[in-house]
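Trainee: Given next are the chains, with one letter for each unit.
Protein chains: 2
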Amino acid sequence: MHQMDAHGLRAALEEAQIGYAEGGIPIGSALFQTLDVSDSRAVTASPLGRGHNMRVQRDSPTLHAEISALENAGRLKALAYKNCTLYTTLSPCSMCTGAILLYGIPRVVIGENANFRGSEDLLRSHGVEVIVQDDDTCKELMARFIREKPELWFEDIGEVPETDSS
Amino acid sequence: MHQMDAHGLRAALEEAQIGYAEGGIPIGSALFQTLDVSDSRAVTASPLGRGHNMRVQRDSPTLHAEISALENAGRLKALAYKNCTLYTTLSPCSMCTGAILLYGIPRVVIGENANFRGSEDLLRSHGVEVIVQDDDTCKELMARFIREKPELWFEDIGEVPETDSS
Numbered sequence: 001m002h003q004m005d006a007h008g009l010r011a012a013l014e015e016a017q018i019g020y021a022e023g024g025i026p027i028g029s030a031l032f033q034t035l036d037v038s039d040s041r042a043v044t045a046s047p048l049g050r051g052h053n054m055r056v057q058r059d060s061p062t063l064h065a066e067i068s069a070l071e072n073a074g075r076l077k078a079l080a081y082k083n084c085t086l087y088t089t090l091s092p093c094s095m096c097t098g099a100i101l102l103y104g105i106p107r108v109v110i111g112e113n114a115n116f117r118g119s120e121d122l123l124r125s126h127g128v129e130v131i132v133q134d135d136d137t138c139k140e141l142m143a144r145f146i147r148e149k150p151e152l153w154f155e156d157i158g159e160v161p162e163t164d165s166s
Numbered sequence: 001m002h003q004m005d006a007h008g009l010r011a012a013l014e015e016a017q018i019g020y021a022e023g024g025i026p027i028g029s030a031l032f033q034t035l036d037v038s039d040s041r042a043v044t045a046s047p048l049g050r051g052h053n054m055r056v057q058r059d060s061p062t063l064h065a066e067i068s069a070l071e072n073a074g075r076l077k078a079l080a081y082k083n084c085t086l087y088t089t090l091s092p093c094s095m096c097t098g099a100i101l102l103y104g105i106p107r108v109v110i111g112e113n114a115n116f117r118g119s120e121d122l123l124r125s126h127g128v129e130v131i132v133q134d135d136d137t138c139k140e141l142m143a144r145f146i147r148e149k150p151e152l153w154f155e156d157i158g159e160v161p162e163t164d165s166s
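Residue numbers (this note's numbering), protein chains in the order written: chain A, 1 to 166; chain B, 1 to 166.
This is chain A alone, in the form it adopts within the complex (with noise of 0.2 Å):
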């Protein structure tokens, strides 16, 4: 992994584990502004803005973990978000999806995509930059957590359990 890369998920994967640590769902983000238009991997010591799921701390159904981290990033004007990498431990839903492509965010840095596949392929085709690290740090926190509070997780991801379709 690139050594900016990994700066930047890291800061992900950090607020991943303190998300974990509250009890909430151990999704973690950060928003990173890239230093050189000629290496869009060189990214900036400090974040925007990094943030993680609150579902449990905040009762909040929005505040995924993209959505934290842009959202504590505060207001930017459009023109910040189209030099910027956007890190995450776990996939893109398709809500967070959409806030990238809303912002024009140009380059994705996922941690995983094992423990659930978000909408990858509708980033890419429109342009976006989707790099899969395949973290195993990433891969084993997100998957113990679904071992642990599966009903949180399907909440999360507004699937129904096959025990409650019935």
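In case anyone wonders, no lab produced these hints; they're calculated from the structure. There could be a bad hint or two in this list.
Since the list gives no way to pick one copy over another, a pair counts as held whenever it fits inside one copy or between any two copies.
To be verified - Lysine to any residue pairs mimicking SDA-like chemistry, simulated, CA-CA at most 25 Å apart:
hint, residue 1, residue 2
1, K149, D5
2, K82, L122
3, K77, R117
4, K77, A21
5, K77, E159
6, K82, I18
7, K82, Q33
8, K77, D134
Starting from the structure of chain A, add chain B where the hints point.
Mentor: Same frame as chain A, now just chain B:
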């Protein structure tokens, strides 16, 4: 317009008008549960949640009207969304479209899409019933806002005004 859809859209429009009075972006939304499975237009008298765009009021880049309505509805089991209509004064952007798809909301009633046309095709391609009312009051309020505060509008939809991109 069907009587129940008029009721739902009125709640969304009230939210938009509150937003305008607050100096914000006048887009409103409301999530209603369907009462009668044989008629998807028959919704409950009170919404599960309603809200308006909070970019100005809360410095929020993610609390679009539809996201606010979902947020104000609070945490719901996945099954609850499958039996709802989401009303919104303006055609939903890609983020709000993604939220509708995430939760599997089957029916969306849109006040107007003359001032902005969002991802209606993506909704339809996923089987969502999309109804555009072409409502004059929604259109006039939004057109007035865009005329008064174009820079705020561009920021909200992630578009770079021509003067910024040179």
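Trainee: Against the structure, test the hints numbered earlier, and report the numbers of the ones violated in rising order.
Mentor: 1, 6 and 8
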